[in-house]
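So the protein sequences, as listed, match chains A and B. Going by the working numbering, the first residue of the first sequence is number 1, and it counts up by one from there. Going by the working numbering, the first residue of the second sequence is number 1, and it counts up by one from there.
Calculated directly from the structure, the hints in this document are not laboratory data. Possibly wrong hints are sitting among the right ones.
Stated by the list, open to error - If you anchor each label on the Cβ, the simulated ranges turn out as follows:
id, chain 1, residue 1, chain 2, residue 2, range
1, A, 27, B, 39, 32 to 40 Å
2, A, 164, B, 126, 47 to 55 Å
3, B, 22, A, 165, 16 to 24 Å
4, B, 129, A, 42, 25 to 33 Å
5, A, 43, B, 129, 53 to 61 Å
6, B, 62, A, 180, 33 to 41 Å
7, B, 25, A, 78, 20 to 28 Å
8, A, 139, B, 34, 40 to 48 Å
9, A, 176, B, 39, 54 to 62 Å
10, B, 33, A, 35, 44 to 52 Å
11, A, 44, B, 129, 49 to 57 Å
12, B, 14, A, 32, 49 to 57 Å
13, A, 165, B, 36, 57 to 65 Å
14, B, 35, A, 180, 29 to 37 Å
Being a predicted model, the structure only gives us computed values, none of them experimental. Glycine is no exception: its CB is placed at the ideal position from the N, C-alpha and C atoms.
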Amino acid sequence: MTADAACPHCGHARWRGVWRHLQADITRFLNKSPENQAVGDSFKSRLGALLTPQLLCLLCYRVAHALHLRGWRRLAGVLVRLNALLQRVHLAADSCIGGGCLLPHPAGVYFVGHAGPGLTLYSMAVCTPLSPSPVAPASSGPQIGARVTLGVQAVLQGTLAVGDDVRIGPRVSVGAPVPPGRMALPRQWLVRRLVVPAQPAERP
Amino acid sequence: MEAHAAPWTWAQTRERLRADRDRLRQMSEPALAGGSVYLQPAFICVLLHRLSHHNHRRGHRRLARLWWHLNTFLTGADISAPADLGPGLLIQHPMGVSISGRAGRNLTVMACAGLGSELGRREDVGAGPGLPVLGDDVWIEPHSGVMGPVRVGHRVRIGAGMPVAQDVPDDMELRPPPPRIVARAMAESVTATAP
Chain A
1 MTADAACPHC GHARWRGVWR HLQADITRFL NKSPENQAVG DSFKSRLGAL
51 LTPQLLCLLC YRVAHALHLR GWRRLAGVLV RLNALLQRVH LAADSCIGGG
101 CLLPHPAGVY FVGHAGPGLT LYSMAVCTPL SPSPVAPASS GPQIGARVTL
151 GVQAVLQGTL AVGDDVRIGP RVSVGAPVPP GRMALPRQWL VRRLVVPAQP
201 AERP
Chain B
1 MEAHAAPWTW AQTRERLRAD RDRLRQMSEP ALAGGSVYLQ PAFICVLLHR
51 LSHHNHRRGH RRLARLWWHL NTFLTGADIS APADLGPGLL IQHPMGVSIS
101 GRAGRNLTVM ACAGLGSELG RREDVGAGPG LPVLGDDVWI EPHSGVMGPV
151 RVGHRVRIGA GMPVAQDVPD DMELRPPPPR IVARAMAESV TATAP
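The following block holds chain A by itself, in its conformation from the complex (with noise of 0.2 Å):
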């Protein structure tokens, strides 16, 4: 098996591909927010938002992904310890991740499956297949499409195909298969009114 029919999505198992994803993740990271906007894009610039965590724990990544591609599947083991123990975010070797990915806070972030370019990953976010193991392959994990966002504590969990442009909003678990355009919210919300006790009035 070549590498890359390991990998069908894209061209990971080559150095131009993983620099081709990797700048594509830069360019997400500067046009995020009008802040970011305003440092422009240069070299300084690039260079600067390369050396976040939010691009730091991406560059583990993508090497580690082309590493195992490669067939150096301990040396992709020592790169996402390293990213579990800096970053404290673990994102699977074997897991094919498409170019302009964001993680705006990587902690706590767990990634175990395919995706599509544009994924957004929010704090603590979870995708993983049902069986516990902790060295389970990312194919038995969910098969998520294009410019998918995965909000905080959201939790995508078993072999499932979310479509693209879909939503999934914070601390909403997914069992089932999501169509493309689509956004999943929490069935209830409570929100009730704090009973605050009476402040005694205050003295003239």
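Here the structure of chain A is known, so what remains is to put chain B in place on it, guided by the hints.
For chain B alone, coordinates are given in the frame of chain A:
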């Protein structure tokens, strides 16, 4: 949980560790060969907790705290030293896991899940003030948790994103209601018009 009748021995800790290792090997797919199981964060975190708990039971509280903090630093799992977890403990992804209380055999904890006390409740159901007690073969899925002094029976599966704050009998599966899947344009228009 502080008063233990018989003195705790290293043989008991080693027996639990052996069961943890065997369960990790058994549940892993593809199977972990040879010594690679010892390098998995899932095993390292359990090993550090067992050392912490062993020292706690032997009365070496400062050493127990050291192992506890080392575990939090290295693996991201916050498992308190007094937590009494039976053999066969499996933690899929230690990052963000928080555990304090008591559990039986074969507890499975997935990513970002946990069990612990709830603020304001101090009743003791057997694990210490405000802490939960879990039976054998309990499975806690991602982002779910058991909070407060509650008893969870044997062979209970707690679904993803499910908070549990009351007693659960044996052989139960708890799942939150499935999410509403709506068209994205409609959901965004509702959000835009909300005050």
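Here is how each hint holds up against the structure:
no.	hint	verdict
1	A:27 with B:39: 32 to 40 Å	36 Å, holds
2	A:164 with B:126: 47 to 55 Å	50 Å, holds
3	B:22 with A:165: 16 to 24 Å	45 Å, violated
4	B:129 with A:42: 25 to 33 Å	58 Å, violated
5	A:43 with B:129: 53 to 61 Å	58 Å, holds
6	B:62 with A:180: 33 to 41 Å	56 Å, violated
7	B:25 with A:78: 20 to 28 Å	21 Å, holds
8	A:139 with B:34: 40 to 48 Å	24 Å, violated
9	A:176 with B:39: 54 to 62 Å	35 Å, violated
10	B:33 with A:35: 44 to 52 Å	49 Å, holds
11	A:44 with B:129: 49 to 57 Å	55 Å, holds
12	B:14 with A:32: 49 to 57 Å	51 Å, holds
13	A:165 with B:36: 57 to 65 Å	40 Å, violated
14	B:35 with A:180: 29 to 37 Å	45 Å, violated
This entry does not satisfy hints 3, 4, 6, 8, 9, 13 and 14, going by the numbered hints stated previously.
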